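In the order they appear, the protein sequences are chains F and A. All residue numbers for the first sequence refer to UniProt numbering, where the first residue is 1 and numbers rise by one. All residue numbers for the second sequence refer to UniProt numbering, where the first residue is 1 and numbers rise by one.
Treat the hints with caution; some may be incorrect.
One copy or two, either will do: identical chains are not told apart, so a pair holds if it fits within one copy or between any two.
[What the hints assert, rightly or not] Derived BS3-like pairs (lysine-lysine); straight-line CA-CA distance at most 27 angstroms:
#1 26 / 291
#2 79 / 198
#3 389 / 26
#4 322 / 454
#5 454 / 327
#6 306 / 99
#7 304 / 477
#8 52 / 262
#9 95 / 52
#10 294 / 26
#11 26 / 327
#12 322 / 26
#13 327 / 490
Just so you know, these hints were derived from the structure itself, not from any lab. Computed from a predicted model, the values in this text were never measured in an experiment.
There are 2 protein chains.
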Amino acid sequence: MWTTILCLSIVLFSVVSQDVYNNVVKERNDILHRELDMMLGNDIELCDSEMKANDIIMDLKRQEIEGGFLEPQAFNLSKHFFEYKDVVKESQLFKLIQKMPKGAILHAHDTGLLSPDYVLNVTYLPDLHVCFEENDIRLLFSTNTPDETCETQWQLMKDARYSSGNVERFDSELRKYFSIVIDNPSEVHTDVNSVWLKFQQYFITTGAMFGYKPVWEQYFYDTLKACRDDNVMYIEIRSVLPELYDLDGNVYDSVETAVSYKETLDRFMSDYPDFYGAKLIYAPLRMVDAKTVKQYIEIAKEIKRKLPDFFAGFDLVGQEDKGSPTKDFLAELVEARWELDYFFHAGETNWYGTSSDENLIDAIVLGSRRIGHAFALTKHPLLIDEIVKRDIAIEVNVVSNAVLKLVEDVRNHPLASFLAQDLPVVLSSDDPGVWEAEPLSHDFYVAFVGVASKHADLRMLKKLALNSLYYSTIKDKDKIAHDFEIRWTKFIDSVVRGNVFY
Amino acid sequence: MWTTILCLSIVLFSVVSQDVYNNVVKERNDILHRELDMMLGNDIELCDSEMKANDIIMDLKRQEIEGGFLEPQAFNLSKHFFEYKDVVKESQLFKLIQKMPKGAILHAHDTGLLSPDYVLNVTYLPDLHVCFEENDIRLLFSTNTPDETCETQWQLMKDARYSSGNVERFDSELRKYFSIVIDNPSEVHTDVNSVWLKFQQYFITTGAMFGYKPVWEQYFYDTLKACRDDNVMYIEIRSVLPELYDLDGNVYDSVETAVSYKETLDRFMSDYPDFYGAKLIYAPLRMVDAKTVKQYIEIAKEIKRKLPDFFAGFDLVGQEDKGSPTKDFLAELVEARWELDYFFHAGETNWYGTSSDENLIDAIVLGSRRIGHAFALTKHPLLIDEIVKRDIAIEVNVVSNAVLKLVEDVRNHPLASFLAQDLPVVLSSDDPGVWEAEPLSHDFYVAFVGVASKHADLRMLKKLALNSLYYSTIKDKDKIAHDFEIRWTKFIDSVVRGNVFY
Ligand SMILES: [Zn+2]
Ligand SMILES: [Zn+2]
Numbered sequence: 001m002w003t004t005i006l007c008l009s010i011v012l013f014s015v016v017s018q019d020v021y022n023n024v025v026k027e028r029n030d031i032l033h034r035e036l037d038m039m040l041g042n043d044i045e046l047c048d049s050e051m052k053a054n055d056i057i058m059d060l061k062r063q064e065i066e067g068g069f070l071e072p073q074a075f076n077l078s079k080h081f082f083e084y085k086d087v088v089k090e091s092q093l094f095k096l097i098q099k100m101p102k103g104a105i106l107h108a109h110d111t112g113l114l115s116p117d118y119v120l121n122v123t124y125l126p127d128l129h130v131c132f133e134e135n136d137i138r139l140l141f142s143t144n145t146p147d148e149t150c151e152t153q154w155q156l157m158k159d160a161r162y163s164s165g166n167v168e169r170f171d172s173e174l175r176k177y178f179s180i181v182i183d184n185p186s187e188v189h190t191d192v193n194s195v196w197l198k199f200q201q202y203f204i205t206t207g208a209m210f211g212y213k214p215v216w217e218q219y220f221y222d223t224l225k226a227c228r229d230d231n232v233m234y235i236e237i238r239s240v241l242p243e244l245y246d247l248d249g250n251v252y253d254s255v256e257t258a259v260s261y262k263e264t265l266d267r268f269m270s271d272y273p274d275f276y277g278a279k280l281i282y283a284p285l286r287m288v289d290a291k292t293v294k295q296y297i298e299i300a301k302e303i304k305r306k307l308p309d310f311f312a313g314f315d316l317v318g319q320e321d322k323g324s325p326t327k328d329f330l331a332e333l334v335e336a337r338w339e340l341d342y343f344f345h346a347g348e349t350n351w352y353g354t355s356s357d358e359n360l361i362d363a364i365v366l367g368s369r370r371i372g373h374a375f376a377l378t379k380h381p382l383l384i385d386e387i388v389k390r391d392i393a394i395e396v397n398v399v400s401n402a403v404l405k406l407v408e409d410v411r412n413h414p415l416a417s418f419l420a421q422d423l424p425v426v427l428s429s430d431d432p433g434v435w436e437a438e439p440l441s442h443d444f445y446v447a448f449v450g451v452a453s454k455h456a457d458l459r460m461l462k463k464l465a466l467n468s469l470y471y472s473t474i475k476d477k478d479k480i481a482h483d484f485e486i487r488w489t490k491f492i493d494s495v496v497r498g499n500v501f502y
Numbered sequence: 001m002w003t004t005i006l007c008l009s010i011v012l013f014s015v016v017s018q019d020v021y022n023n024v025v026k027e028r029n030d031i032l033h034r035e036l037d038m039m040l041g042n043d044i045e046l047c048d049s050e051m052k053a054n055d056i057i058m059d060l061k062r063q064e065i066e067g068g069f070l071e072p073q074a075f076n077l078s079k080h081f082f083e084y085k086d087v088v089k090e091s092q093l094f095k096l097i098q099k100m101p102k103g104a105i106l107h108a109h110d111t112g113l114l115s116p117d118y119v120l121n122v123t124y125l126p127d128l129h130v131c132f133e134e135n136d137i138r139l140l141f142s143t144n145t146p147d148e149t150c151e152t153q154w155q156l157m158k159d160a161r162y163s164s165g166n167v168e169r170f171d172s173e174l175r176k177y178f179s180i181v182i183d184n185p186s187e188v189h190t191d192v193n194s195v196w197l198k199f200q201q202y203f204i205t206t207g208a209m210f211g212y213k214p215v216w217e218q219y220f221y222d223t224l225k226a227c228r229d230d231n232v233m234y235i236e237i238r239s240v241l242p243e244l245y246d247l248d249g250n251v252y253d254s255v256e257t258a259v260s261y262k263e264t265l266d267r268f269m270s271d272y273p274d275f276y277g278a279k280l281i282y283a284p285l286r287m288v289d290a291k292t293v294k295q296y297i298e299i300a301k302e303i304k305r306k307l308p309d310f311f312a313g314f315d316l317v318g319q320e321d322k323g324s325p326t327k328d329f330l331a332e333l334v335e336a337r338w339e340l341d342y343f344f345h346a347g348e349t350n351w352y353g354t355s356s357d358e359n360l361i362d363a364i365v366l367g368s369r370r371i372g373h374a375f376a377l378t379k380h381p382l383l384i385d386e387i388v389k390r391d392i393a394i395e396v397n398v399v400s401n402a403v404l405k406l407v408e409d410v411r412n413h414p415l416a417s418f419l420a421q422d423l424p425v426v427l428s429s430d431d432p433g434v435w436e437a438e439p440l441s442h443d444f445y446v447a448f449v450g451v452a453s454k455h456a457d458l459r460m461l462k463k464l465a466l467n468s469l470y471y472s473t474i475k476d477k478d479k480i481a482h483d484f485e486i487r488w489t490k491f492i493d494s495v496v497r498g499n500v501f502y
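Bound-form chain F, shown alone (with noise of 0.2 angstroms):
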């Protein structure tokens, strides 16, 4: 009698355990589904061929995450992005994210998106001259030598080259100066002031030699060229606008720069019908007074004026820990906020509560369309809540982050968690050229490698892409959407064949 309760009781109790065990288990798996689900990407829904090319895809993300998480010596994404860089474009992912159609670049920089090579490249060209200073070079064309002071002496670039004795050494010095790509970066560039020094020297550096009209020119039609070979089929570019010269002794002012912009994209478009389009957001240095900062912006309204089409709103540029905080424009910057769109950089800082983490704020109430980096938004609880409520995105350059010493392993980056929230991020690469990264391809693979989520999937991939377009200035969306799909189809098509790494 007492032994046949006893086993009831003990069945009994192994039933009652069993179902805890399984309400653990269900609520366990609950949580991991509707995180799962509430990640960027949860509201696309994949075809049947989009679900083959899914496999594919995360079948080689599995392969690298997985050897990473054994061997962490052995994952590429935690070291430094100049060890890194060339060695993952061999890997078949890269290859099939460069083919895959990314959308739009929406954060970028006029002069800094092609490479080290393709700027050594316009040193060969007639009228350059250079003068050699103790730490640096200056360029400047011109038909007789320069007027302008120089240290030494201003030489024809042609002759200092063949003169050198030694043509190969003398360009592997010359490029140098238009990379910030070394091979010690973690010695060398040991804080965020040490590496952004190296970084504006390089824009210092080719200014002179890209502000000659038909470089100028030239290199944006070279950069249209290199994103569409990329697979983004639109940009909106960020330029100060400097004054151009050409050899006959003109000098064109910031509006005419614009406009010289408008005619190249016009000349790129009739080359390339097939590619969408630019805009450009004037955006010029933000270490300045007031004052200037009122005329950036009567000369923000006289290009709105003149190239309405092209023209898609104001930002300010440089180093935010060391250039004026936006607060102190901010009555300009209200007063004109009816006029011009806003796409302003802010929060691009590790230092949490001073004035360049506040410029956060300012960008929020200035009413920006979009945020540049926003790196310290993870530390802003409400300002989370007032970009979803608002609809504001974030421009995350995740490599550009790394490189200027915001984050050494990208798997610290906030994009981890903004993409976890699916809050409205695009990705984007900011100078892509002066790390020698291509124009959004590893952007994107590391955003997917290395700081998204294992489980995150091509979801997350399209939803990027076509957050690029939604968050665009463009105005007819549906047409571009229809584009990308058409692309977007070819693509999966070439991923099921196994076409895509070739």
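Chain A with the ligands: place on chain F using the hints.
Coordinates of chain A with the ligands only, in the frame set by chain F:
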């Protein structure tokens, strides 16, 4: 007439635009203040003397941050911990934080709390034998030469030391086994696994030496003393509870080891009745099978029966990326969850979407009262909600995460986002002795100056201390809170009088 109208409309416009501007400024400041008002510490009201102390503290904090903001390479806390750990001890703010009552240590491992100098002293005890092997040493107390095999030969440590010819060099070589601090961490500790190997080696090397019962008890006694010296009043200590031995050949099992802790605690409390006490979290190694976990659970239950007031709960330890995921033991842990309180390590990883990342979900569904690290939590918006809803504390160990290579620059530590959201955070130190940190002061200092907002002040410091009491397993919270307040008042008084720096 026209002029008047024109003037009027300009005045009108500028009144309107002034209004608009004022509204934007108001909105900006509202957001800023609402964010400050929701940070951890928002519910603390400072009295007059606390406000005076706060001014002193914030002056010191601002000096450090503003200096770094202007010259990032001068900012200690974005460097490697090994570089700045001693330098910062000289700062007034560090000294102040050291004197500050910090409440409890709720996440620390028993044999990782004391400095390598302390451990070196242990090697001066009689009867310690040493065996030098290729890349390691073995240490064992024994009356006679140990029977265990040795690649070379067992010697008395005393003999080895004095026959070395240079005691100073001998000791300095020996000390290296008791610390993971090295001069060039970024070159040697290139990934998370290589530093974990070194870290685990410390526990293996010291294990047999600490397992000698008199040393074991003295180490714990001196740990309590070190906590008290660092103005910590209570500790919940994790232990794998190894077998202990003595010179008479007795061996003590895990339950007896727990008893020896309790007896040591009683001795300490009678010597230092102003200390509040300690409890034990039994935390054996996770790299085992389910059957072994079942045995662990039985041991935990027995300790709980035997020492109900001393036993706090159960956890599993070891590198999560390499150990078995918690879900492997789900059935066993579900069954025991009404009898044991859980304090699981979880999400001490930056591998998003992997098994170690998912440990966070298991920790929550298993009803953990607190979670160790939860480093990956920012990637899990739903889990953040659950943690808030269930009031589960997060035991954050900033210095540990930096030293063990989860994050390079502490300004990117997820704690910043936890503090911004006022999540239930307690600060702790994990294994401070192994990286030569103070029991808790370095973690408070780094969190306050390097991670939290520039605006985070004394209210955050006080709240972090109070949280450590609130989220402890102490039954009489009123009593310890009262004790804390007395100490706190004394501390504030000494800050205001300026005595705190001496
Ligand atoms: Zn930018
Ligand atoms: Zn731990």
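Checked hints:
{"no.": "1", "hint": "26 / 291", "result": "between (62 angstroms within a copy, 23 angstroms between copies)"}
{"no.": "2", "hint": "79 / 198", "result": "both (21 angstroms within a copy, 20 angstroms between copies)"}
{"no.": "3", "hint": "389 / 26", "result": "between (33 angstroms within a copy, 19 angstroms between copies)"}
{"no.": "4", "hint": "322 / 454", "result": "between (37 angstroms within a copy, 17 angstroms between copies)"}
{"no.": "5", "hint": "454 / 327", "result": "between (40 angstroms within a copy, 18 angstroms between copies)"}
{"no.": "6", "hint": "306 / 99", "result": "neither (36 angstroms within a copy, 66 angstroms between copies)"}
{"no.": "7", "hint": "304 / 477", "result": "within (21 angstroms within a copy, 66 angstroms between copies)"}
{"no.": "8", "hint": "52 / 262", "result": "neither (42 angstroms within a copy, 61 angstroms between copies)"}
{"no.": "9", "hint": "95 / 52", "result": "within (18 angstroms within a copy, 62 angstroms between copies)"}
{"no.": "10", "hint": "294 / 26", "result": "between (60 angstroms within a copy, 22 angstroms between copies)"}
{"no.": "11", "hint": "26 / 327", "result": "between (50 angstroms within a copy, 12 angstroms between copies)"}
{"no.": "12", "hint": "322 / 26", "result": "between (52 angstroms within a copy, 25 angstroms between copies)"}
{"no.": "13", "hint": "327 / 490", "result": "neither (47 angstroms within a copy, 42 angstroms between copies)"}
Checked against the numbered hints above, the structure violates hints 6, 8 and 13; every other hint is satisfied.
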